[in-house]
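Colleague: Listed in order, the protein sequences are those of chains L and H. Under our numbering, the first sequence has 226 at position 226, and the numbering climbs by one with no breaks. Adding 241 to a residue's 1-based position in the second sequence gives its number in our numbering.
Listed below are several chain L residues computed to face chain H (Cβ distance under 8 Å; list not exhaustive):
#1 Arg-70
#2 Trp-72
#3 Arg-76
#4 Arg-81
#5 Arg-87
#6 Pro-90
#7 Ala-91
#8 Leu-100
#9 Ala-101
#10 Tyr-104
#11 Ser-110
#12 Arg-151
#13 Ala-155
Cβ pair distances, simulated, as ranges:
#14 L:Gln-53 / H:Asn-541: 39 to 49 Å
#15 L:Glu-134 / H:Ile-356: 34 to 44 Å
#16 H:Asn-541 / L:Met-172: 31 to 41 Å
#17 L:Arg-114 / H:Gly-351: 28 to 38 Å
#18 H:Arg-348 / L:Phe-12: 12 to 22 Å
#19 L:Gln-108 / H:Arg-348: 23 to 33 Å
Short derived list, chain L residues pointing at chain H, Cβ under 10 Å:
#20 Ile-74
#21 Ala-106
#22 Gly-154
By construction, these hints were calculated from the structure, which means they are not laboratory data. Beta carbons: idealized from backbone N, C-alpha and C, even for Gly.
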Amino acid sequence: MILEVDHVTKRFNGVAAVRGVSFSVPEGAIFGLMGANGAGKTTIFSMIAGNEQPTSGDIRFQGSSIQGLRPWRISRLGIARTFQIVRPFPALTCRENVALAVLYGAGQDSSPARAMRVAGEILNEVKLATVADEEARRLTLVSRKRLEIARALGARPKLLLLDEVLAGLTPMEVEAAVELLRHIHRRYQLTIVMVEHVLRALMRLCTEIAVLDHGEKIAEGSPQAVSADPVVVKAYFGAPQ
Amino acid sequence: MRPLHDVRIIIAALVTTAAVVVGVLFFASDYFIDFATSLAMWIALSESWTLLSGMTGYVSLGHVVFFGLGGYLTVLTFGMLPIWAALALSGACATGLAVLVGFPCFRVRGPYFVILTFGLSEFVKYIVVNVEARASKFGRLIFGGPDPNEVFLIMVGLAVAAFFLSYFIRRSRLGAGLRGIREDEIAAETTGVPVARLKLIAFGLSALIPGIAGGAFLFRSGYFEPIQAFNPSISFSMITMAVIGGTDDAYGPLIGAVALVTLSELLWANAPEIYMTVLGLLLVVFVIWVPDGIEGRLRNWWKTQRA
Ligand SMILES: Nc1ncnc2c1ncn2[C@@H]1O[C@H](COP(=O)(O)OP(=O)(O)OP(=O)(O)O)[C@@H](O)[C@H]1O
Ligand SMILES: [Mg+2]
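Let's have the full structure, built from the sequences with the hints guiding it.
Modeller: Structure representation (structure tokens):
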């Protein structure tokens, strides 16, 4: 197991956003995390990446606890995340955005010139080559989401956390993005955990899905099993009439 | 990125500086040497300020504290230490102070950091004022320091060092990390940038040359008086020069310092009382309408010309 989330709870001012959630992700998997608005998906990502500290519970990466480590240390161990509300470095070009991750992430490149070259290659992979030298603030939202992925890849992660990178895309854009995710999963030999609202996209990519509701895990299993689970159906579509 | 291009610029800059220095030393009047010394000092100070505030976005309103501290240490050790040792001590202590106060200061961002740095510099000023009053010293005169030509050379050395420190850091791995902090500190840290450490390094480096310059300035003025040596208007001037010139690259503060020192020379001669007012006005105008400074405008213009 590359990632183990072990009975993790997070309270904000006494209100539990995540309650005793556990799941494990095998190396090389594409693992889905599903749940309605406010279910606690982003909070779980923030705790894995070190942006938030769990109130209780433990998180292990490659067997050792990453509890209490600063985000930059976790990044260097090989975990990268995207932000649901994208946070590019606005006044830097796309190339500089990615190069920063190449310099400081798990890859720890020491040469800015080489980092800029590598960044160009990664931007090429995610089809942002044409805007590589545009400032990030000039991009469309769809491109900014791709830039989030490119910057995460620049950090050379083993584990990639994708927070709703498909949300808000048109069906055709989703199609392209799904292909892109398959491609980078293979190309960079990644383990991916992805958060989405909708089951459909997850069904096509994931081998296993965990479902959250109001901070608790209510189901876990293969996409088929999860979509047929009455508990999930109830949480998603309300009680049957 | 373009190393050859860079090397050419560096050589051209050094040759030009050397030629100007030789010219000034051999042909210029005392008045002009004084002006050139002042110009070099302001280049050194605003380049150093940019190293912290331009690169990381943490705006220091208290950089005079390092300048004043350098002056104070140099006057205290005058006659006991060789000049170079006193200046080195000033730079080292300024860096030490920056790293020390960096721990609490960097816990806050935005306006709080600005106010905290300002408060710190005023705090240190009044400590020195009180210590001096207890010792019954109301200003200290020094005799027999380096002559004006030597002070001029020291200041030029500091200006060149400050310029290249900014120039190379801007293009280094460290500089990339600092700009990431400026753009989005949380995203930077999540991407592997050890933000706390980098901010302290930037603060320390940005205090080094102002500390030395404060010591060198003592020999130019010939006396030390805390209210003047720690005068907040020195911080304001550094900032205004940097902002007018541009804070994203080493050329900016250079341009800003040349512009403002020349302007102030003209104003002192004709209308000294409006200097600070003009400074304030320029700062407002540039912050609102030209936030990337003269250098930023030139760079954009250059890009459109070539496109
Ligand atoms: N920093 C915070 N302070 C206080 N409450 C928070 C904070 N972050 C999240 N919450 C609360 O925790 C709960 C879970 O939020 P989270 O963002 O993890 O949900 P999510 O599953 O990602 O939702 P969405 O699908 O809308 O992105 C929400 O009720 C939210 O209001
Ligand atoms: Mg979310």
